[in-house]
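There are 2 protein chains.
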Amino acid sequence: MTITLKSTPAADGYRMPGEFEPHDGCWMIWPERTDNWRMGAKPAEKAFVQVAEAISRFEKVTMLVSGRQFVNARNKLPSQVRLIEVSNNDSWMRDVGPTFVINDQGGIRLVDWDFNAWGGLEEGLYFPWDQDDLIPRKVAEITGVDRYKASLVMEGGSIHVDGEGTLITTEECLLNPNRNPKLSRQQIEGFLKNYLSVEKIIWLPRGCYNDETDGHVDNLCCYIRPGVVALNWTDDQEDPQYEISQEAYKLLTEATDAKGRKLEVHKLHQPNPVIVTAEECEGIDQVEGTIPRQEGDRMAASYVNFYIADGGVIVPLFNDPNDQPAMNKLKELFPEREVVGVYAREIILGGGNIHCITQQQPKP
Amino acid sequence: MTITLKSTPAADGYRMPGEFEPHDGCWMIWPERTDNWRMGAKPAEKAFVQVAEAISRFEKVTMLVSGRQFVNARNKLPSQVRLIEVSNNDSWMRDVGPTFVINDQGGIRLVDWDFNAWGGLEEGLYFPWDQDDLIPRKVAEITGVDRYKASLVMEGGSIHVDGEGTLITTEECLLNPNRNPKLSRQQIEGFLKNYLSVEKIIWLPRGCYNDETDGHVDNLCCYIRPGVVALNWTDDQEDPQYEISQEAYKLLTEATDAKGRKLEVHKLHQPNPVIVTAEECEGIDQVEGTIPRQEGDRMAASYVNFYIADGGVIVPLFNDPNDQPAMNKLKELFPEREVVGVYAREIILGGGNIHCITQQQPKP
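These protein sequence lines are chains A and B, in that order.
Under the working numbering, the first residue of the first sequence carries the number 107, and numbering increases by one thereafter.
Under the working numbering, the first residue of the second sequence carries the number 107, and numbering increases by one thereafter.
These aren't lab readings, by the way, just hints derived from the structure by calculation.
Honestly, I wouldn't trust all of these hints.
Since the list can't tell identical chains apart, any single copy or any two copies may satisfy a pair.
[Said to hold, decoys possible] With a cut-off of at most 35 angstroms between alpha-carbon atoms, the simulated DSBU-like pairs for lysine-lysine come out as follows:
#1 152 / 112
#2 365 / 469
#3 469 / 166
#4 469 / 255
#5 112 / 469
#6 112 / 182
#7 255 / 288
#8 182 / 288
#9 299 / 182
#10 112 / 148
#11 148 / 182
What you are looking at is a predicted structure, and each value in this text was computed from that prediction instead of being measured.
With the hints as extra help, turn the sequences into a complete structure.
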């Protein structure tokens with residue numbers, strides 16, 4: 107029995123834990139739409155299988171999949187990955203999935219945000235998004251977890267929390283008029299405070315250069331643990347990312363969190379620009395209403411878009427000279443976790459990366 | 107993690123329990139197809155909601171539903187009914203669902219039979235049936251229960267067991283060449299023995315008159331408890347059902363079960379013939395490939411098609427003089443359960459009844 111609660115997590119003593127806190131598992135969605143994933147989504151399938159396989163070494167993985175793709179996905183996924191039919195419009199579980207919240211008495215619930223495909227009818231990335239928007243409700247039914255409905259357009263990738271009262275986000279995304287045009291900054295902060303139990307919100311102005319999500323924080327900056335963050339970085343002053351990273355660094359190092367701590371900021375040097383090739387564009391269905399992908403487009407590739415599993419860290423790699431330094435840095439930052447790299451070009455070609463296609467379910 | 111086992115339940119010490127043994131819950135499928143359910147399936151929806159509501163007073167109910175109908179079903183079902191998206195071709199969970207088997211150590215697994223829509227391309231009731239055939243596999247994933255795949259075309263409604271080694275079925279259905287033309291009676295018995303852990307099979311020649319399932323036993327005869335069965339009955343010698351019931355009565359009273367017991371046979375007098383009206387036919391989509399429904403058709407209405415829940419019995423009613431005698435008889439036969447009637451004309455118009463649209467999950 108799943109019910110929709112009328113109160114808020116903060117009022118009920120529930121909080122969103124940090125991604126580094128213990129998990130019960132991870133949720134993903136099988137890639138399928140051929141107007142986003144090239145060559146019938148077959149190369150993306152391989153990358154998603156590798157990510158699911160890597161995460162499943164550390165925690166349970168549930169893959170959601172359309173009825174059309176159920177048998178194909180079952181045959182391609184390892185048997186330890188649970189496969190559940192759920193209709194969807196694309197495969198960005200971080201953004202369309204629920205946000206789980208827990209309390210100190212072993213309780214778990216979830217928050218179901220509004221979703222408008224990263225900007226709605228005018229600036230969104232596809233239409234329709236009705237099936238994506240139903241996913242948190244379906245996850246509530248599958249898990250038997252009670253649900254809060256928050257009337258705020260928000261994607262999971264636009265926030266990171268330390269689980270101790272602090273949230274980091276970007277103005278570019280959360281204050282974008284294509285999300286909640288009728289809400290003030292203060293009202294949006296009110297939603298975050300009430301539904302995630304945070305007290306302090308650190309606003310960064312912008313996300314990564316050319317990030318089509320309108321600057322999701324999860325590609326730019328994330329928590330390693332309370333008081334410690336990783337930041338996407340470049341020393342190349344000619345790169346449009348340079349100024350964005352400088353600006354974020356200054357803000358982060360000057361900020362204090364909800365506990366009054368200064369933040370420790372670790373730089374992860376970005377890979378060389380990931381540029382879409384003519385061949386890669388050719389394999390994508392050309393339809394109206396979906397954001398087009400063109401030869402020469404630069405994708406927002408960043409090592410910060412990793413997933414923290416129970417005992418592991420799954421990191422996107424780009425066959426780039428900066429891959430190994432990023433892996434080394436993450437091994438330092440997560441001394442008690444195994445750091446696993448997955449070649450992720452086929453995921454970033456779809457517009458996001460490993461963090462964007464995953465959603466953790468915390469252990470209550 | 108769900109695996110597909112290469113052995114058989116009998117070899118592994120698993121058996122199918124009787125429906126009267128303790129349950130963990132009940133599975134159903136939301137009615138939808140407008141070439142079987144009249145008026146866009148709206149009257150059937152009401153009946154299914156009433157059945158789900160009645161069962162949910164006694165045990166957990168999970169309703170499966172297509173993506174198209176998810177929101178409508180959620181809004182019409184009471185919140186205690188869990189709703190899970192699963193593609194389907196129609197709503198006969200008894201026949202398309204898995205058969206759960208349990209052992210003495212708290213284990214539960216399921217058997218996934220082949221399904222061909224009650225007779226395949228030539229005599230089956232609709233085409234295609236690909237989504238129905240996937241349902242046991244999806245239930246295995248949802249529940250995390252390991253699965254046996256049995257290469258026998260069989261529907262759950264064609265068998266009843268006492269959980270102590272005896273199975274009752276009909277030759278009309280299980281020996282029908284439209285199910286397993288290449289298997290002998292002995293081979294079919296072998297499948298039943300290996301996958302359900304039964305030793306003794308009681309074969310009745312035919313199921314109820316005009317039953318379009320090719321005579322499923324669950325409309326004619328079922329177990330109340332080991333050694334005790336209910337039988338659909340009529341004293342009207344002009345009724346084609348008369349001879350069928352006589353013949354079954356003789357066989358059942360002369361039979362002994364796996365434990366060497368004689369059976370106690372209780373008669374449930376059938377309702378007056380349920381005849382399809384012109385108005386009822388008019389509301390059904392007319393398409394090729396689906397069995398047609400015509401004014402004057404007699405549906406195979408029987409009180410034996412009830413569902414035994416944990417502490418309850420859910421009985422189909424027809425607004426007929428025999429409703430109350432059937433209810434009274436079942437109250438006598440189930441003194442420790444609450445007997446609940448549900449008006450079921452809209453279900454029998456679709457070709458089955460309450461037992462046909464339910465599938466119990468036993469408690470391990």
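Hint by hint, here is what the structure shows:
no. : hint      : verdict
1   : 152 / 112 : between (41 angstroms within a copy, 27 angstroms between copies)
2   : 365 / 469 : within (23 angstroms within a copy, 48 angstroms between copies)
3   : 469 / 166 : both (12 angstroms within a copy, 24 angstroms between copies)
4   : 469 / 255 : both (21 angstroms within a copy, 33 angstroms between copies)
5   : 112 / 469 : both (23 angstroms within a copy, 34 angstroms between copies)
6   : 112 / 182 : between (41 angstroms within a copy, 20 angstroms between copies)
7   : 255 / 288 : within (18 angstroms within a copy, 55 angstroms between copies)
8   : 182 / 288 : between (45 angstroms within a copy, 32 angstroms between copies)
9   : 299 / 182 : between (41 angstroms within a copy, 33 angstroms between copies)
10  : 112 / 148 : between (42 angstroms within a copy, 30 angstroms between copies)
11  : 148 / 182 : within (11 angstroms within a copy, 39 angstroms between copies)
Hint compliance for this structure: every hint is met.
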